[in-house]
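Asker: Those sequence lines, one after another, are chains A and B.
Quick note on numbering that gives the first Met the number 0: the first sequence kicks off at 0 and runs consecutively.
Quick note on numbering that gives the first Met the number 0: the second sequence kicks off at 0 and runs consecutively.
Read the hints as simulated data drawn from the structure, not as lab findings.
In this text the structure is predicted, and so the values were computed from the model without any measurement.
Glycine is no exception: its CB is placed at the ideal position from the N, C-alpha and C atoms.
Check the hints yourself; a few may be wrong.
[Claimed, not checked] Straight line, CA to CA, 20 Å or less: simulated EDC-like cross-link-like pairs of lysine to aspartate or glutamate:
1. B/Lys167 / B/Asp239
2. B/Lys167 / B/Glu157
3. A/Lys168 / B/Glu633
4. A/Lys168 / B/Asp621
5. A/Lys168 / B/Asp619
6. A/Lys165 / B/Asp619
7. A/Lys2 / A/Asp71
8. A/Lys165 / B/Asp621
9. A/Lys165 / B/Glu633
10. B/Lys167 / B/Glu155
11. B/Lys593 / B/Glu157
[As the list claims (entries may be wrong)] Residues from chain B that keep clear of chain A, each with C-beta distances beyond 12 Å, as calculated:
12. Gln7
13. Leu15
14. Leu146
15. Ala207
16. Ile280
17. Ala371
18. Gly453
19. Leu490
20. Gly530
21. Leu548
22. Arg565
23. Val569
24. Glu594
One-letter residues, chain by chain:
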Amino acid sequence: MLKTLLALVVLLPAAGAIVAGLLRPRATRAVAVTTSFAVAVLAVAAAWLGYPGGYRASIGGMAWLGPERGRDLFGLLLDPLSTIVLIVVTVIGFLTVLYSTKYVREQNRDHAVGPEDQGRYYFWLLAFLAAMAGVATAPNFLQLFVFWELTTVCSWALISFNRSEKSLKAGFKAILMTHAGGLFFLVALLVLFARTGSFGFDAIGQLEPALRGWVYVFLLIAASAKAAQVPFHTWLPDAMEAPTPISAYLHAAAMVKAGVYLMLRAVGAGGGVPHGVGILLAALALTTILVALSFYFVQDDLKRLLAYSTIAHLGYIMLGAALGALGSTVGLQGGALHVLTHGFSKATLFLCVGAVAYVTGSRSISALGGVARVMPLTATAYFVGVLSVTGIPPFACFWSKLMIVAGALQVPGALGVTIMVLVLRESLIAFGWMLHVGQRVFFGAQTELARAHRDPPLAMSAVLVLLMIGCLVVPLFGIPLVRLIGG
Amino acid sequence: MTTVVLLQYAVGALLLGALASLATARSRRLSGWISVGFVAVAALLLWVVVLRAFSASPDPPRALAHIPAVGAALIVHVDALSAVFLAIIAVISLLTTLYSVHYMDRFAHDTLAKYYPVLLVLFAGIIGVVVTADFLFFLVFWELMTLASFFLVVFERENRAAQRAGLKYFVVNQAAALGMLAAAVVLWRSAGSFDFEAMRAALGQLLATSPLRAHLLLALLFIGFATKAGVLPMGSWLPDAYPAAPSGATAAFGGTMTKLGIYGLLRVFLHLLPLSGATTIWGGIIAVAGLGSLFVGTLTALQQDDTKRLMSFHVIGQVGYMFLAVGMGLLLLQTSPALGALALLAGVFHMVNHSLYKSCLFLGAGALEYRAGTRSLAALGGGLGAAMAGTATCALLAALAIAGVPPLNGFASKWLIYATGILGARSMSLLAVAVVVAMFISLVTLASFVKYLGGSFLGAPAAARPVREVPWPMLAPQVILAGACVGFGLLPMLPLRYLYRGIIGLPSAAGLPALTELLGSGPNLALTDAGVITAAWGPLPLALGLVLLAALCYWGLQRGGEAEVRDVPVWVCGEEEELGAVRYPPGSFYRPFKEAFHGVYPTLHGQLPAFPPPLRRALDPDHWLYYPIARASEQAARGVSRTHTGVLQVYLLWIILGAIAVLSIILLFGGGGT
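Could you put together the complete structure from these sequences and hints?
Answerer: Pasting the structure below:
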């Protein structure tokens, strides 16, 4: 039962992608919405059935690798951590598709998309959904790697969707950087297999400590590239050339989460991360958080601002993984919870900016003003998103940040306190700046751009409302889920 | 129904009211009345909760929701102190909402969807703060309150000053809240829970093992509460933010939200902190902070022209009195418990009184703004008292109360502060200085409100200004509050009895003497020391005397002496003068004073340091790493492509050269094996 459900979660969007790619625009949209909705329902059902125990099923292997080694190479996995990722991927995936049905149209003032490009858009979007569901349900590093690279390809196609000079360049940059990181993943994978004869997540614990450290470092490089962590953080702001729903989904909620998921997975596998690697991970995460913060103040494009904020928040999740590596279970759980809470909060923010751009045709902070008077719903969603993403209770990210901060204090010595102080400072400054930007864009005197428009069409507004509700309620089921991680 | 259920219904009513007023926001009055209805239901339920809490068998704490991942639980516990605050919240929330129904007509251009729902959520947040016995949820509700009040401060979207004030308010308070969160998490590490009782134990242990760290935590908590209460220098956001909100909301802030700083202070220093040397130390710090705040805040109030800003500075000043009293209480609690208890009681009583008169004053300023369209004393021009007699009377009573004129409630609480300070000075002589400063500042308060009353209500009515009294939903709240000011002034023992139960319900204040031992059992306040009355205050006899005196003046002098009342134009030196020319404008009041204390409230203009450009480049590896690599690869590729000339001979040459190279490598390195 669960096996069928999980297999469908991966296969259904793949099939939907092919069908959607072939049909006329109207039918394409219908297929895309139906498929993604079905996938979201199936994923939630699977999460419900799979709770609380972990589920693992084998599908097949490669006999030529040997009777023992080649067995069970492919299969399906559903444990609390993958449930978190699966929920983010499928639910936000559905909301993104629904939002896109109105956004990716000729009426879009930011960039119009004609009927001839609709098939291409939904093909890649659904293909990405399938690939990402595959990442979430992969039972070992090998299968994870296969789907990981598939998400990279989909990301490249979607960033370059406009086929403008700039977007082609951005897509190329993204695929180069993430794929170069992916090669380190491959090396780590081969070392693991050569030494232990297994691709399993827990095989990492069988390595001798020195080699294990190197495998972790290689995985860290791959994850950093995928999740746009320092020093590989430069591709993500450029990737904002993608249509906004894509930025919301791939580059905030889902794809970049594959990187941090790898790290959470590797740390949570219980192999015993060498202390030095834990420190390195924490240092890189903190550096990322602060470097990303320093870029907030010079952005005029709302989407680029959100991109840097995303980098910082992926840093938070990395920090959670680092805390897990340093021995704090609460920190690891907080990191996992942040995958969920940040996914919903940042999707809200991106889709708000998309709505503003759709209606006014501008994403410039300095050119917009007084938008709230004509777009009250969008304004509300923005502020909910900001309050959520910067960790103001009772919104979602507060709970995950709280767990990360609490986890930091479980780390003995001055390190924990330092992490806590830095995290709280970043939270405060980011909060102040995002609030200030919100005031500039949505309050104040109305500028020419903001005149006589109204909230976006129903499908887009409904998605914003659903995401706002999500910003409040996701911790309710997220916290019980993450509590099972690393128990 | 138990307390928890009642509270759930009350909060439910508020949230439901928020939704209902949101749904009806288009019809403005209806939305307001619906809000009033839901708030009234909530207020009624809260009063039942209050009565239960003061009954013989109050309900025990109950946990509503658990978060085992971090060891937190939503523990609902209404002890006597919480009940005191719930009573204030119930009254003030209902009155301010009722007031808003008509007052919000001022903002015809703005939708009410951003007022009533937010206001009701604010009330829900405030209730949450005072009923939870778990520090994490305390902070959650605390922040909910901050965030709701932020949206009320920035209500006027087009007003740049309001936007700036809102940003400052939220960021400063968020900084303070994060500090408190850090303190809470540090305590959580050793306590394993956010429960007040567990944290009390953990804090006691921490004080014994590493006192420095414990004091650091207390400092963070103190700063958190002082910021919210508006104690300087952390409270400098307050005079900007309070006036920016609509007056109904400002009155709610002044009547309830500021007070939660005092609530937090009592919770932390008398509940979380076991009675120890730290209590005395922090008592001293709190008292000094209060003293500084009342001095600077009130003197700055003297210089204001904007009515609501003037009153906001008085919030700072009055909170200073409360901090001074609470600080004195903590300071004296261990050396002379009776005086300590009295000082704490004075602080809490002053807080209740302040809720009443400050809300009334803010509502009065709003009424002036509603009818005259301005908050500037200079622009108001005086003379509105005749047309707005009800508002003027209420404002007069509230102003006299805040200035501590007997027999009103402000005097009763200030008298308690002075009396305990003077008696305490026998063991700690510095307290005498504090009392002298507090008395002097009381005078400044009076002066400042004389200016307010003179500038707005007194004087001859300006001609041709169609000003009427405000409608009854705006007047009634003021009348009720002013009446309460008089009532609490005449019968101070009535509230004091309950307030004292609120204080001795706290773990660190459990062993204090009974109230009758402190103040006697009669309606008058009588401080006794070893059976001898050392100080006494009888409001009823004094009030009776005042009434008799007034009657004597009126009947005896005016009527009996048949003095004639004449209506004549203003004249100076035998010449008639224009009204404006001889009027003493509010801006000219107390000029020497203002000049002398001009710099007492420093205004800072900080400039953020610019981000150094070299560092900015260093943080962007695109420019020094990735793009150069990409360019180099591209150039290398182009170099390779240059070898493709399309000439057959050249390709053959490459093949031959390659073969030579391969052969030489094999011969040189592979030869040894064979």
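Asker: State for each hint whether it applies.
Answerer: Do the hints match the structure? See the list:
Proximity of B/Lys167 to B/Asp239 is assessed by CA-CA distance (about 9 Å); at most 20 Å being required, the pair is judged to hold. Under the criterion of a C-alpha separation no larger than 20 Å, the hint pairing B/Lys167 with B/Glu157 is consistent with the structure, at around 17 Å. Restraint check: the Cα-Cα separation between A/Lys168 and B/Glu633 comes to about 14 Å, which is no more than 20 Å; the hinted pair holds. Under the criterion of a C-alpha separation no larger than 20 Å, the hint pairing A/Lys168 with B/Asp621 is consistent with the structure, at around 13 Å.
A threshold of 20 Å between alpha carbons decides the hint, and for A/Lys168 with B/Asp619 the separation of about 17 Å falls inside it, so the pair holds. With a C-alpha separation of about 19 Å, the suggested pairing of A/Lys165 with B/Asp619 holds against the 20 Å cut-off. At roughly 14 Å between alpha-carbon atoms, A/Lys2 and A/Asp71 fall within 20 Å of each other, so this suggested pair holds. Straight-line distance between C-alpha atoms of A/Lys165 and B/Asp621 comes to about 16 Å, which keeps the hinted pair within the 20 Å bound.
Taking the CA atoms of A/Lys165 and B/Glu633, the gap is about 18 Å. The hint holds against a cut of 20 Å. The straight-line distance between the Cα atoms of B/Lys167 and B/Glu155 is roughly 15 Å, inside the 20 Å bound, and the hint therefore holds. Distance check on the hinted pair: B/Lys593 and B/Glu157 sit about 32 Å apart at the alpha-carbon level, beyond 20 Å; violated. Look at B/Gln7: its CB is around 16 Å from the nearest CB on chain A, clear of 12 Å, so calling it non-interface holds up.
With a minimum CB-CB distance of about 17 Å to chain A, B/Leu15 clears the 12 Å threshold, and the non-interface call stands. Chain A draws B/Leu146 into its interface by the beta-carbon criterion, the shortest separation being 6 Å against a cut-off of 12 Å. No Cβ of chain A approaches the Cβ of B/Ala207 within 12 Å, the least distance being about 20 Å, so the stated non-interface status holds. With a least beta-carbon separation of about 23 Å from chain A, B/Ile280 lies farther than 12 Å from that chain, consistent with its non-interface assignment.
Chain A leaves B/Ala371 outside its interface by the beta-carbon criterion, the shortest separation being 26 Å against a cut-off of 12 Å. Remark: the non-interface label on B/Gly453 is consistent with the geometry, its nearest Cβ contact in chain A lying 37 Å away (cut-off 12 Å). For B/Leu490, the shortest C-beta to C-beta distance to chain A comes to about 41 Å, beyond the 12 Å cut-off, and the non-interface label holds. The non-interface label for B/Gly530 is consistent with chain A: the shortest C-beta to C-beta separation is roughly 53 Å, beyond 12 Å.
The beta carbon of B/Leu548 is kept farther than 12 Å from every beta carbon of chain A, the shortest such distance being approximately 55 Å. The Cβ of B/Arg565 sits about 54 Å from the closest Cβ of chain A, beyond the 12 Å cut-off, so the non-interface label holds. Listed as outside the interface, B/Val569 is consistent with that label: its C-beta sits roughly 44 Å from the nearest C-beta of chain A, beyond the 12 Å cut-off. The Cβ of B/Glu594 sits about 36 Å from the closest Cβ of chain A, beyond the 12 Å cut-off, so the non-interface label holds.
In this structure, the earlier hints numbered 11, 14 are contradicted, and the remaining ones agree with it.
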